[in-house]
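The chain contents come next:
2 protein chains.
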Amino acid sequence: MTESVKRAKRTYDKLTRRIRAFNLPFFLASWEEESLPPAARPYRDKQLLELSSMLYELQTGKSFKNAVEVLYSARDELDPVLRHEIENVKLSADKLAKVPKKEYLAYQNVILDSYPAKFVKAKTTGDFSVVKPCLEKIIAYNRKYAEWEQTESLKGYDVLLDEYEKGMTVQKYDEFFGLIKSELIPFIKRALPAQKPVHPAFASQKFDVEKQKQFCKYLGGVMLFDNDKTMMGESEHPYTNNNGNCDVRITDHYYEDDLASAIFSAIHEMGHGLYELQVSDDLQYTMSGGGVSMAVHESQSRFFENNVGRSRQFWQRHFPVLKDIFREELKDVELDDFVHYINHAKAGFVRTEADELTYPLHVLIRYELEKGMFEGTVTADNVEKLWNEKYKEYLGLDVPNAGKGVVQDMHWYGGNIGYFPTYALGSAYAAQILFAMQKDFDVYAAMGEENVGKIAAWLKEHIHKYGSSKDPAEIIEGAVGGPFDPHYYIKYLKDKYSALCGISE
Amino acid sequence: MTESVKRAKRTYDKLTRRIRAFNLPFFLASWEEESLPPAARPYRDKQLLELSSMLYELQTGKSFKNAVEVLYSARDELDPVLRHEIENVKLSADKLAKVPKKEYLAYQNVILDSYPAKFVKAKTTGDFSVVKPCLEKIIAYNRKYAEWEQTESLKGYDVLLDEYEKGMTVQKYDEFFGLIKSELIPFIKRALPAQKPVHPAFASQKFDVEKQKQFCKYLGGVMLFDNDKTMMGESEHPYTNNNGNCDVRITDHYYEDDLASAIFSAIHEMGHGLYELQVSDDLQYTMSGGGVSMAVHESQSRFFENNVGRSRQFWQRHFPVLKDIFREELKDVELDDFVHYINHAKAGFVRTEADELTYPLHVLIRYELEKGMFEGTVTADNVEKLWNEKYKEYLGLDVPNAGKGVVQDMHWYGGNIGYFPTYALGSAYAAQILFAMQKDFDVYAAMGEENVGKIAAWLKEHIHKYGSSKDPAEIIEGAVGGPFDPHYYIKYLKDKYSALCGISE
Chain A
1 MTESVKRAKR
11 TYDKLTRRIR
21 AFNLPFFLAS
31 WEEESLPPAA
41 RPYRDKQLLE
51 LSSMLYELQT
61 GKSFKNAVEV
71 LYSARDELDP
81 VLRHEIENVK
91 LSADKLAKVP
101 KKEYLAYQNV
111 ILDSYPAKFV
121 KAKTTGDFSV
131 VKPCLEKIIA
141 YNRKYAEWEQ
151 TESLKGYDVL
161 LDEYEKGMTV
171 QKYDEFFGLI
181 KSELIPFIKR
191 ALPAQKPVHP
201 AFASQKFDVE
211 KQKQFCKYLG
221 GVMLFDNDKT
231 MMGESEHPYT
241 NNNGNCDVRI
251 TDHYYEDDLA
261 SAIFSAIHEM
271 GHGLYELQVS
281 DDLQYTMSGG
291 GVSMAVHESQ
301 SRFFENNVGR
311 SRQFWQRHFP
321 VLKDIFREEL
331 KDVELDDFVH
341 YINHAKAGFV
351 RTEADELTYP
361 LHVLIRYELE
371 KGMFEGTVTA
381 DNVEKLWNEK
391 YKEYLGLDVP
401 NAGKGVVQDM
411 HWYGGNIGYF
421 PTYALGSAYA
431 AQILFAMQKD
441 FDVYAAMGEE
451 NVGKIAAWLK
461 EHIHKYGSSK
471 DPAEIIEGAV
481 GGPFDPHYYI
491 KYLKDKYSAL
501 CGISE
Chain B
1001 MTESVKRAKR
1011 TYDKLTRRIR
1021 AFNLPFFLAS
1031 WEEESLPPAA
1041 RPYRDKQLLE
1051 LSSMLYELQT
1061 GKSFKNAVEV
1071 LYSARDELDP
1081 VLRHEIENVK
1091 LSADKLAKVP
1101 KKEYLAYQNV
1111 ILDSYPAKFV
1121 KAKTTGDFSV
1131 VKPCLEKIIA
1141 YNRKYAEWEQ
1151 TESLKGYDVL
1161 LDEYEKGMTV
1171 QKYDEFFGLI
1181 KSELIPFIKR
1191 ALPAQKPVHP
1201 AFASQKFDVE
1211 KQKQFCKYLG
1221 GVMLFDNDKT
1231 MMGESEHPYT
1241 NNNGNCDVRI
1251 TDHYYEDDLA
1261 SAIFSAIHEM
1271 GHGLYELQVS
1281 DDLQYTMSGG
1291 GVSMAVHESQ
1301 SRFFENNVGR
1311 SRQFWQRHFP
1321 VLKDIFREEL
1331 KDVELDDFVH
1341 YINHAKAGFV
1351 RTEADELTYP
1361 LHVLIRYELE
1371 KGMFEGTVTA
1381 DNVEKLWNEK
1391 YKEYLGLDVP
1401 NAGKGVVQDM
1411 HWYGGNIGYF
1421 PTYALGSAYA
1431 AQILFAMQKD
1441 FDVYAAMGEE
1451 NVGKIAAWLK
1461 EHIHKYGSSK
1471 DPAEIIEGAV
1481 GGPFDPHYYI
1491 KYLKDKYSAL
1501 CGISE
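Line by line, the protein sequences give chains A and B.
Quick note: the first sequence uses our numbering, first residue 1, plus one each step.
Quick note: the second sequence uses our numbering, first residue 1001, plus one each step.
A portion of the hints provided could be inaccurate.
To be verified - Okay, the calculated bits of chain A under chain B, using three or more residues with CB under 8 Å as the criterion:
#1 26–34
#2 189–196
#3 226–233
#4 389–397
As the list claims (entries may be wrong) - Reference listing, derived: stretches of chain B covered by chain A, where coverage requires no fewer than 3 residues with Cβ under 8 Å from a Cβ of chain A:
#5 1028–1034
#6 1135–1148
#7 1178–1184
#8 1239–1250
#9 1389–1402
To be verified - Derived pair list, reagent style BS3-like, types lysine-lysine, alpha-carbon separation capped at 25 Å:
#10 A:Lys65 with B:Lys1046
#11 B:Lys1213 with A:Lys211
#12 B:Lys1098 with A:Lys14
#13 A:Lys371 with A:Lys98
#14 A:Lys46 with B:Lys1465
#15 A:Lys206 with A:Lys217
#16 B:Lys1014 with A:Lys46
#17 B:Lys1211 with A:Lys211
#18 B:Lys1098 with A:Lys9
Keep in mind the hints are simulated off the structure, nothing from the lab.
C-beta atoms are modelled at their ideal positions from N, C-alpha and C, and glycine is treated no differently.
Taking the hints into account, I'd like the entire structure generated from these sequences.
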């Protein structure tokens, strides 16, 4: 390294240390989002905006830009991790620099106005008009953003899709969702009516919330959710957040009349969490720590939630514990009844409560609407109507109100357009990962062990440890030993549900 | 205002907005200090250090310095609040600039190392040696700090005393504590043995923690602790923290075998909290918001805890509620027994658990030791021995271990030397405030009302609303209508305890 590269590296280290430090206030503020006293919000939000503004200046400032440029020019001399990091950081910095600061800050304000207060109000009252003006601004900003950031090869919605999962485009997602439409929809139409009814205990019993928490704590042990590094909280919409690989926090929600909800939310979020916990310590104080992308993250959460957490083998081990906690409520329920219950497929309104089989249809609907936002056919004015039409078309349902419809998910109202498709993609990655893992050991046997240690070790070695030090496609391809292929996903779902429902594939 | 003054004001506004924004991460981090997963600490602490470093640069940077200088030169043209603010900000900035950045950051590291982990370990194990090396560094730094900051009139310990309470010096505190020694110690020697024993229920019964929390929630209503703006948490050492006047958080601790502890900690912290809640909205987005000083803050917390909260009138109203919650436990206890119990004076080891009468002796001991740290007679090597000797001398006690002795309070281990004397001074302010308030209305009658509204309104008008827009002495003198006089405190304590103990003053 020449002196000037070394100097640039020192500046880069200093400034990225600062960029990472700015994560702290946002991390902590989001952790208490739902417990913050309402009158405290305006003052805090102004502080967050001010911190955003400083972070923006840091990331677009001359010294950072210069240091990155120098390192980028010398990228051939850098070790592969730093080289990849510099390429990525340069890309983000260049992109950020294209966003006018005024627009950037105005948009932060729109988001703070929209989420959580107005979103929560719209969701709980079922009245979309509460957030409609916000969504209008959010769509407008994202369309402008796509223009600022467009390149030769990426335009419109592609710009956003690539941000949430590097390498993904409308063309690729069209193919992916095309397969789901052609292969899965006809299968779902046959599978749903062929199912046996769910054991009546799950609808008739109340499941004490404290006992549910006790079981979720037990699941923390099963999922290697180390108490020294994790916290579990409560929020209406469960989520995972982390600050480095030693502070991983998840939330869950608990409903007396729905035993499955808290359990599978917990496993899902712990799947996200385990990913962050297992990122290599070497990456902790770099910009290459943390999960690589949304779809890869979802592949981990949905792998544990569905492929592992809804398997008979998993519950063969853990159902006795659950039954011991809910002795009275589950006294007539056998393992098979429980496995049937947690896999029962049903057309429903709510994505996060959907079963494994109908889940991708929820994502498909959102993908089609987002695509339309960039084509100009979907606007804040007609999105509720279109949403409801699509739920009728794909799931045969009449959406009763916006809370169960277009404002059920926070994503759009928090400014995240392009995020949804990664959920289905992640599920498809998960199926292919399971297939690859099976070549190395008997995964279904491992699901029945005391904890997920064996599976977690494989995931650490093949995916988690890399953090974001490689591109998502490279990590997935390395893990599964070939290019991504959505047919594994279709096959996994058809195999599983044809067995469960006693129908042919 | 000239153009250059206007320009300086704009820069000043922008940079102080940033300085205030930096409060957020420290505020939020401190709020979860005791729930943070242990392994998460190192990464977070590095972030806090980095944020400290940025804040230091902001406050000592050229643009801030220049803006403050220009405004300071034009201070005669500024409105009185801004003028006072600029004078104060200039003083702090000048002081900060005298601290070498390297030493400043190294000291932050010492503190993070010392508090909370090592302090908590030393306190719980009773082993002073765990924090001794930290305290050695802290004393050394504070002595150096006093040298960097010394002026013609302020040297050594005076520098620190003036920081915690502007205008206070060793000379003034010597007089104040001299009065306590000459007037109070002989009185205490007579009062203590003259007391009746405490009703046996308080020692024999267990007081359920959930019920204690229920009563403290009720006290929140009494103390006008608005749910929209406040949070109540739990920590071993109760404290108050705030972020502006709409986010005020207190903590409390609960012990099954000590009913008074949680109650009086709650009232004490709510007294601090009410002060912050009642600072004028006009000051919210300025550097003049927030309580003015430690002693004035303590005057508010101790006023509510003792002058109000240990009065017969207060409990005439609220004891029935307490009795209703602890029906079984308090069935034989009458109002007079309770009032006697909460005022029972006893030589004890722990400052925060001390009664009103012996409390100033705990502070006196700490004051004498701190003074010695600057005279060079008290060091980390002999402070435990000296502490124990003083507890023997003033309170007649043999300290059993450092957890009940020299490491009972976090202050020194969190870097706060010069803070303790403000506790006694605040109590003395409180007595004089009560005397002044009595001239305007019947305060003892108001203590018996449904809530403290009348008292709070007076305090808002005479003290709280000013925030830190005036000097502490000016605020106190304005409120009590004359200079501070510790004889009110002596008289208040003697009046109260001669009546309680049936002895002459």
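Consistency of the hints with the structure:
no.: 1; hint: 26–34; in the structure: holds (count 4)
no.: 2; hint: 189–196; in the structure: violated (count 0)
no.: 3; hint: 226–233; in the structure: holds (count 6)
no.: 4; hint: 389–397; in the structure: violated (count 0)
no.: 5; hint: 1028–1034; in the structure: holds (count 4)
no.: 6; hint: 1135–1148; in the structure: violated (count 0)
no.: 7; hint: 1178–1184; in the structure: violated (count 0)
no.: 8; hint: 1239–1250; in the structure: holds (count 4)
no.: 9; hint: 1389–1402; in the structure: violated (count 0)
no.: 10; hint: A:Lys65 with B:Lys1046; in the structure: holds (24 Å)
no.: 11; hint: B:Lys1213 with A:Lys211; in the structure: holds (22 Å)
no.: 12; hint: B:Lys1098 with A:Lys14; in the structure: holds (24 Å)
no.: 13; hint: A:Lys371 with A:Lys98; in the structure: holds (23 Å)
no.: 14; hint: A:Lys46 with B:Lys1465; in the structure: holds (22 Å)
no.: 15; hint: A:Lys206 with A:Lys217; in the structure: holds (19 Å)
no.: 16; hint: B:Lys1014 with A:Lys46; in the structure: holds (12 Å)
no.: 17; hint: B:Lys1211 with A:Lys211; in the structure: holds (22 Å)
no.: 18; hint: B:Lys1098 with A:Lys9; in the structure: violated (30 Å)
Going down the numbered hints, you'll see the structure goes against 2, 4, 6, 7, 9 and 18, while the others check out.
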